[in-house]
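Chemist: So the chains spell out like this:
Number of protein chains: 2
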Amino acid sequence: MAQRQLAINAFDMCCPGHIQQGLWRHPRDRSSCFQQLHYWTDYAKRLESGLFDGLFLADVLGVYDVYRASADPAIEAAVQFPVNDPLMIVPAMAAVTQHLSFGVTVNLSYESPYLFARRMSTLDHLTEGRIGWNIVTGYLDSAAKAHGLQQQMQHDDRYDLADEFLSVVYALWEHSWSDQALCAKDLDFRFADAAQIKAVRHEGKQYALDARHLCAPSRQRTPLLYQAGASPRGQAFAGKHAECVFLNGQSFDAIAASVQGLRAQAVAHGRAADDMKIFVGATVIAAESDELAQARFEEYKAYADSEAALVHASASLGIDLSKFDTDQPVAAQAAKSQAIASNVQAINRQHGRAWTKGDLIRQMVLGSRQMPIVGSASRIADYFIALQTRCDVDGINLSRTVAPECFDDFIRLVVPELQARGVYKTHYQEGSIRRKLFGSDRLPASHPARWDSP
Amino acid sequence: MAQRQLAINAFDMCCPGHIQQGLWRHPRDRSSCFQQLHYWTDYAKRLESGLFDGLFLADVLGVYDVYRASADPAIEAAVQFPVNDPLMIVPAMAAVTQHLSFGVTVNLSYESPYLFARRMSTLDHLTEGRIGWNIVTGYLDSAAKAHGLQQQMQHDDRYDLADEFLSVVYALWEHSWSDQALCAKDLDFRFADAAQIKAVRHEGKQYALDARHLCAPSRQRTPLLYQAGASPRGQAFAGKHAECVFLNGQSFDAIAASVQGLRAQAVAHGRAADDMKIFVGATVIAAESDELAQARFEEYKAYADSEAALVHASASLGIDLSKFDTDQPVAAQAAKSQAIASNVQAINRQHGRAWTKGDLIRQMVLGSRQMPIVGSASRIADYFIALQTRCDVDGINLSRTVAPECFDDFIRLVVPELQARGVYKTHYQEGSIRRKLFGSDRLPASHPARWDSP
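Those protein sequence lines, which keep their order, are chains A and B. Per the numbering used here, residue 1 is the first one in the first sequence, and the count goes up by one each step. Per the numbering used here, residue 1 is the first one in the second sequence, and the count goes up by one each step.
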């Protein structure tokens with residue numbers, strides 16, 4: 001049997017400070033050019049030259065304001081703010097590439113399903129099947145306040161909303177137009193057969209509509225579905241809906257357990273365990289030798305911003321870390337909600353003891369909780385292959401450090417090493433991103449989008 | 001004094017059947033390729049080679065279903081259906097051009113102002129100030145039904161909604177970030193000065209928010225504002241908000257009266273009469289001689305679809321024209337609402353008598369109520385210059401016939417003639433579309449966006 005191939009996405013965001021906070025200040029970093037079209041078209045061409053499967057784009061609506069109970073630290077340190085609309089850079093990148101796919105985060109909470117379905121169908125047409133959607137419901141009160149609400153919905157209610165939203169957009173994408181709806185231009189002078197295009201009728205708790213989808217069927221119909229929820233409810237949601245799951249983890253044991261849990265959820269929802277591709281986040285610093293990579297790590301570290309990393313971690317964990325002493329365990333003081341308590345316990349397990357703010361700061365030496373893998377291509381390939389074989393992982397979402405040189409180094413050094421080990425493609429397969437990953441343009445019959453008929 | 005320059009936009013839509021119905025069936029017409037990226041990037045390059053000021057993109061949410069009380073005729077004849085999202089083609093076209101602007105129709109009725117403001121700011125950044133917005137509120141019950149409503153809001157209520165929506169997005173674009181908010185990268189290590197970025201707080205009838213704009217200020221901040229409302233309430237709205245107004249008219253007298261009324265509305269709102277550029281819709285068939293143009297007209301006519309034109313006209317007028325006899329005046333039978341009665345009277349005035357369905361069909365010989373100007377470049381230039389001098393018009397929105405050859409003919413024949421007459425530019429001015437048209441990247445102090453502070 002051929003060696004299983006590892007998928008690799010770049011993981012980025014339309015903002016200067018994405019994961020590794022502070023590195024936008026490095027003199028060679030160009031991520032402050034995120035507002036310019038050329039930055040992204042150059043980026044896409046670079047990734048395609050390295051045979052990357054895709055560019056996975058994060059997004060967030062609102063400003064992080066947990067740390068010091070203020071938005072000021074996030075604004076001043078550019079922690080995911082400002083942040084431009086990630087969908088808008090996709091068509092330009094698609095125009096200069098042929099194979100690179102785009103997995104774009106869109107928070108469904110404030111979208112019209114009818115208009116969102118059209119937007120994604122249009123992108124699937126324009127990219128000829130290279131668009132994916134990372135389904136999120138957001139986690140910020142500041143986003144809710146931007147929509148006239150006092151605070152976000154409760155965690156599990158957000159997943160119910162998402163389930164209903166998905167059933168509406170699935171119906172528009174998969175069931176409104178039949179495959180026979182379009183007439184051939186040379187056979188008759190009708191464009192479409194009206195009898196083959198039906199209105200989607202839905203009356204639910206959150207959404208109601210009675211409308212035909214505005215777009216003819218695109219290559220994939222439903223965009224490739226990403227999801228990244230780590231909670232039990234999030235894992236169940238992923239098991240039902242997600243084709244690609246993105247997770248982060250500090251230890252192989254924790255990652256392996258998450259992967260196993262996710263695949264079990266897919267099976268519990270009547271799907272195959274390998275109907276789901278699982279991507280793990282990673283940061284790497286690659287150079288010609290371990291020593292040179294360490295030297296580069298030291299150079300980068302000087303620009304990392306650990307306070308900005310605390311701003312981000314505070315928002316993610318729901319804990320204002322500015323209030324904690326460096327040497328006191330956080331757990332005791334942070335039990336104001338069950339969700340927060342479980343966040344803290346998860347980190348305790350990673351650290352093997354009750355963690356302190358000091359532990360976190362030492363971990364965030366490059367500007368985030370994600371410690372980089374530093375070394376030669378051989379060392380990085382070892383790590384990726386271990387992830388694949390020991391944790392049953394399918395792919396990597398690669399965060400940037402100093403961009404674009406981090407991708408140039410990766411493509412120059414790590415890609416040939418992975419190819420030599422037989423775990424990375426030497427050319428692209430033809431077709432849509434779903435065909436490249438799963439062998440078919442369309443979702444399988446076991447996916448709820450196919451049977452959730454209106 | 002230099003001759004006043006005429007602005008020229010192409011007028012199109014992400015669909016096969018835009019204005020001149022049926023011509024997508026012509027063997028040389030490529031508009032059925034509207035789903036492909038290359039179609040639009042080639043299109044944009046072509047327009048820029050002809051020094052077009054912009055591409056003005058129409059949009060509609062929903063299917064026309066007035067004619068025969070059914071959506072089937074519109075679907076079968078591809079009357080503005082299917083229709084893809086016009087914003088999605090802009091970034092790709094921007095990537096292959098330097099000067100061409102994009103005036104994009106977006107119906108605000110179902111948009112979140114917070115997310116819409118970010119989308120447009122992102123496009124203004126990516127295009128370096130080449131984005132415009134055609135403000136519409138829609139007129140179809142089918143769009144309302146796609147959003148869980150029984151029918152659209154009443155006409156004047158829609159303008160109240162639009163006024164409130166605009167005050168929110170103006171505040172986000174113009175007042176959330178000060179010009180001093182961004183810090184220079186080489187002076188200190190902060191990205192932005194939080195004290196220079198304030199939350200927009202709004203509690204209105206339709207919208208509420210408390211949020212900072214997610215994007216740093218773009219070249220124009222507020223996109224160039226287009227509007228196309230012809231009713232008295234629509235004209236007042238244009239007088240307050242619009243920088244560019246798009247109107248259609250059959251006679252010079254009617255156009256001149258509309259232009260005068262619009263400029264008076266601008267003045268009534270404390271703006272200058274020439275703070276508003278007025279574009280008139282036109283269809284032309286140009287060839288080397290009048291005879292050759294007539295021959296081409298005859299050739300095109302064979303593909304025009306007058307029933308599809310009736311489908312479109314029925315939706316626009318709010319009258320099911322399938323029910324009318326060819327030779328009976330429509331007015332008597334069509335007085336079911338004041339809006340419809342005034343539509344009918346307006347056409348009566350154009351025709352100089354009580355019009356019949358037969359009159360309309362004879363007028364729609366190329367597939368729409370817009371009769372083409374057919375002839376040599378000299379004849380077409382005469383018509384445009386007469387529009388400019390007799391009606392005080394600033395620009396033309398040029399509909400397609402058989403695309404792209406209609407633009408090739410126009411650029412090859414009409415553009416040099418207009419240049420020779422001194423009414424069309426021979427090179428682009430530098431800068432944003434607002435700077436090209438009005439001499440400044442930013443809205444003037446007299447515009448409500450500048451003084452509607454949160």
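Hints may be right or wrong, so weigh each one.
Pairs count within a copy or across copies, as identical chains cannot be separated in the list.
The calculated DMTMM-like cross-link candidates involving lysine to aspartate or glutamate, where the alpha carbons are at most 25 Å apart (straight line), are [unchecked claim]: (1) Lys198 - Asp72; (2) Lys436 - Asp156; (3) Lys425 - Asp327; (4) Lys45 - Asp141; (5) Lys301 - Asp290; (6) Lys198 - Glu164; (7) Lys205 - Asp141; (8) Lys357 - Asp275; (9) Lys323 - Glu298; (10) Lys240 - Glu307; (11) Lys323 - Asp179; (12) Lys45 - Glu405; (13) Lys198 - Glu307; (14) Lys198 - Asp141; (15) Lys198 - Asp320; (16) Lys357 - Glu298; (17) Lys425 - Glu298; (18) Lys205 - Asp275; (19) Lys323 - Asp193; (20) Lys45 - Glu203; (21) Lys240 - Asp160; (22) Lys45 - Glu430; (23) Lys45 - Asp274; (24) Lys425 - Glu299.
Note that these hints are calculated values from the structure, not bench results. It should be emphasised that the depicted structure is a prediction, and the values quoted were computed from it without experimental measurement.
Chemist: At most 25 Å between C-alpha atoms: does Lys323 with Asp179 qualify within a copy, between copies, both, or neither?
Modeler: neither (59 Å within a copy, 33 Å between copies)
Chemist: Can you tell me if Lys45 and Asp274 fall within 25 Å by alpha carbon in one copy, between copies, both or neither?
Modeler: neither (30 Å within a copy, 44 Å between copies)
Chemist: Checking an output row: Lys205 and Asp275, CA cutoff 25 Å. Within, between, both or neither?
Modeler: neither (30 Å within a copy, 47 Å between copies)
Chemist: At most 25 Å between alpha carbons: which applies to Lys198 and Glu164, within, between, both or neither?
Modeler: within (20 Å within a copy, 35 Å between copies)
Chemist: Please sort Lys45 with Glu430 into within, between, both or neither, judging by C-alpha distance up to 25 Å.
Modeler: Within one copy only: 17 Å inside, 28 Å across.
Chemist: State whether the alpha carbon distance between Lys425 and Glu298 is at most 25 Å within one copy, between copies, both, or neither.
Modeler: Result: close neither inside a copy nor across copies, 32 Å intra and 56 Å inter.
Chemist: Using 25 Å as the alpha carbon limit, work out where Lys45 and Glu203 are close: within a copy, between copies, both or neither.
Modeler: Classified as neither; 44 Å inside a copy, 45 Å across copies.
Chemist: Give the relationship of Lys240 and Asp160 under a CA distance limit of 25 Å: within one copy only, between copies only, both, or neither.
Modeler: within (13 Å within a copy, 43 Å between copies)
Chemist: Up to 25 Å between alpha-carbons, please classify Lys357 paired with Glu298: within, between, both or neither.
Modeler: within (22 Å within a copy, 80 Å between copies)
Chemist: Within a copy, between copies, both or neither: which one fits Lys301 and Asp290 at a CA-CA cutoff of 25 Å?
Modeler: within (16 Å within a copy, 73 Å between copies)
Chemist: Checking an output row: Lys240 and Glu307, CA cutoff 25 Å. Within, between, both or neither?
Modeler: neither (38 Å within a copy, 47 Å between copies)
Chemist: Between the shortest in-copy and the shortest cross-copy C-alpha distance, which are at most 25 Å for Lys323 and Asp193: within, between, both, or neither?
Modeler: between (65 Å within a copy, 23 Å between copies)
Hint compliance for this structure: hints 2, 3, 4, 8, 9, 10, 11, 17, 18, 20, 23, 24 are not met, and every other hint is.
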